[in-house]
Amino acid sequence: MSGRNLFTRPARLAAIAPYGWMVLFFLVPFGFVLKLSLSQVANAQPPYLPVFDLGAGWQALVAAAGSLSFDNFRLLLSDDLYLLSGLRSLTVATTTTALLLLIGYPIAYAMSRLPRRWQPLAMMLVIVPFWTSFLIRVYAWINILQHDGLLNQVLLALRIVSAPVVWLSTDTAMYIGMVYSYLPFMILPLYATLSKLDPALCEAAADLGSSPLQSFWRVTLPLSLPGVGAGALLCFIPLVGEFVIPDLLAGSDSPMIGQTLWLEFFTNRDWPVAAATAVMLLVILLLPLVIYDRFQRRQMVRP
Amino acid sequence: MEALSDTTPQAGTALPLLRIDAVGKRFGGFTAVDGVSLDIRAGEFFALLGPSGCGKTTLLRMLAGFETPDSGKILLNGADVAQVPPHLRPVNMMFQNYALFPHLSVRDNIAFGLRRAGMRRADIAARVAELVALVRLEGLEKRRPEQLSGGQRQRVALARALARRPQLLLLDEPLAALDKKLRDSTQRELLALQRKLGLTFIVVTHDQDEAMTLADRIGVMNAGRLAQVATPRQLYEAPRSRWVAEFVGDINIIEGRITAREAGRLRVTTEGAGVLAAPVPRDLSDATEVCVAIRPEKIRLSSRPPVDDPAGGAINRLEGTIRDVGYLGSASVYTVALAGGATLRVSLANAARLHADAYGAGQRVTAWFSPDDCIVLDR
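These protein sequence lines map, in sequence, to chains Z and D. Just so you know, the numbering used here puts 513 at position 84 of the first sequence, and the rest follows in order with no gaps. Just so you know, the numbering used here puts 229 at position 132 of the second sequence, and the rest follows in order with no gaps.
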């Protein structure tokens, strides 16, 4: 029996480790953010009033809990800047995720159909852009999209347009940048799912009278939904909070929530409102996670 | 008793259901199927048997339409289907690991082919119910493949393949994924089902017991070619080549040269087992370098030399010592080291409970067998 304990104890530790990591590097920092969001801005260093002091003892803690202020959250709800930027973030993230699926799925599908020996190379090609800094790649897009940039030169040379098109500081530029930057995150989980699909399933579908299109629709697509879900989630969540791409490529008239957060934090130096915005963002993001989790569970236990 | 000569397809009679005509398939530099010709009659249970890589699966996949032959014709009811894509062929296949759709229930798996055929809803429901009853899956219609046992999955795969009433059902290693006990009962069910429905089955297998039990005829494949097409009995008792003899069942092979020929008998002088009498094979080639093959269960043992030959002719007697006894339950396999240097494997049924292991290691014995039980084959 002792041998068995020796075996299970490290195994249990290994199972706990990811939770420990989450508590230490996510839950605890989030606690700080939450605490900060209940504070008030102040002309001080750091620029906010302490909500409560853990060192002040239990009595003081209870007293502080009674006088907690939700003013920052009230502000978020009353000023439509926050709601609008939240809404815009969701719209942009949803649209981009849809575009990523439309572009990424055929690429991942084609990769999974390549001869086995070519697949690692295709995978490398998808990952290769990561070897260059993300920021540099976005700046490269500024270069391509600017007034006398590569795109306009090509369009003019091919006589598709007669005058340079304004790309930069438009939503189009932002979507180009976002789709470009996030495409690998969509392709990789899709490819992982599609390449694991048993080719015999499509043969069985064909054997039972399905045309290639029907086989795809009835067998490949439903069986790749977990990959679709994973890829969509992997892109959607960071897209909602995306700051750099809209800041560099889109116009400034309607900020995304990440930009609003940045504005509150750096320009207005209102850390508590920035923290409240961060909390709101997290709450928004929990929603798709819960939906995905439900979907996964149903996939597993459906009778 | 059935004749041991090969039945050649009769020319001039009605076309067979399936005619495979000089079909070949190469993958790069590798010839998977090399000019195979074969006729399959309607209602036949045919087995393609061979070691892995012999081309049997490639041949089956060409019949289903997943591979296109490089040469030759595949005539189904007289029409060449070699270039017809799989979804347009009146042929269905049961896949090796069943390839059940994991996201669909048992019912939807079985109905899959019927839906693609554009059948009416009510008809589909009736046909599915019929098939579920046929393969005894009642009550499991809503389950998903992962919630079924191996045997149940096999039956779903069978029902799904039968749903469209194929003219020809192809089965790729249909029982390989089942354990031994289940395999035996499933074999009987499969055979009963085939007889009941009167369908034509072609099964690919590497398991010769399975091929023997199931098939009316067996095609043994080796290196892309059909080595022999025969009934199970012909294949076992009258193999046409040394390779087939050694591949199907257990056999002793003794090499020698023909030294005399008299009254329908050959005298073969061997190095390890002296001079053996053997029947003259039907298609004896000019070669004098031959081998004599004898199945282990055709050899008798006795502790003293047999006094007389029961058949009246010369029998083969070989002196030797038991080297090893393998007890298998219903039979024991004795390895006999012959005085001449060769070894023989002899299988004796353990017919009586208390006389098991009648011979022990080290015991001197005479091994004897009738010349008629030998087969003379080219080396």
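Please note that the accuracy of each hint is not assured.
Unchecked claim - Over the 10 Å line for every Cβ pair with chain Z, so calculated as not near, a few chain D residues:
(1) Pro148
(2) Ala161
(3) Thr310
(4) Ala434
What the hints assert, rightly or not - Cβ-to-Cβ under 8 Å is the rule here; a few derived chain D residues that face chain Z:
(5) Phe163
(6) Thr165
(7) Gly169
(8) Phe209
(9) Arg218
For the record, the hints were derived by calculation from the structure and aren't laboratory data. All C-beta atoms, glycine included, are put in the ideal place defined by N, C-alpha and C.
Against the structure, the hints:
{"no.": "1", "hint": "Pro148", "result": "holds, 22 Å"}
{"no.": "2", "hint": "Ala161", "result": "violated, 6 Å"}
{"no.": "3", "hint": "Thr310", "result": "holds, 26 Å"}
{"no.": "4", "hint": "Ala434", "result": "holds, 48 Å"}
{"no.": "5", "hint": "Phe163", "result": "holds, 6 Å"}
{"no.": "6", "hint": "Thr165", "result": "violated, 13 Å"}
{"no.": "7", "hint": "Gly169", "result": "violated, 21 Å"}
{"no.": "8", "hint": "Phe209", "result": "holds, 5 Å"}
{"no.": "9", "hint": "Arg218", "result": "violated, 17 Å"}
When the structure is compared with the earlier hints, violations turn up for hints 2, 6, 7, 9 and for no others.
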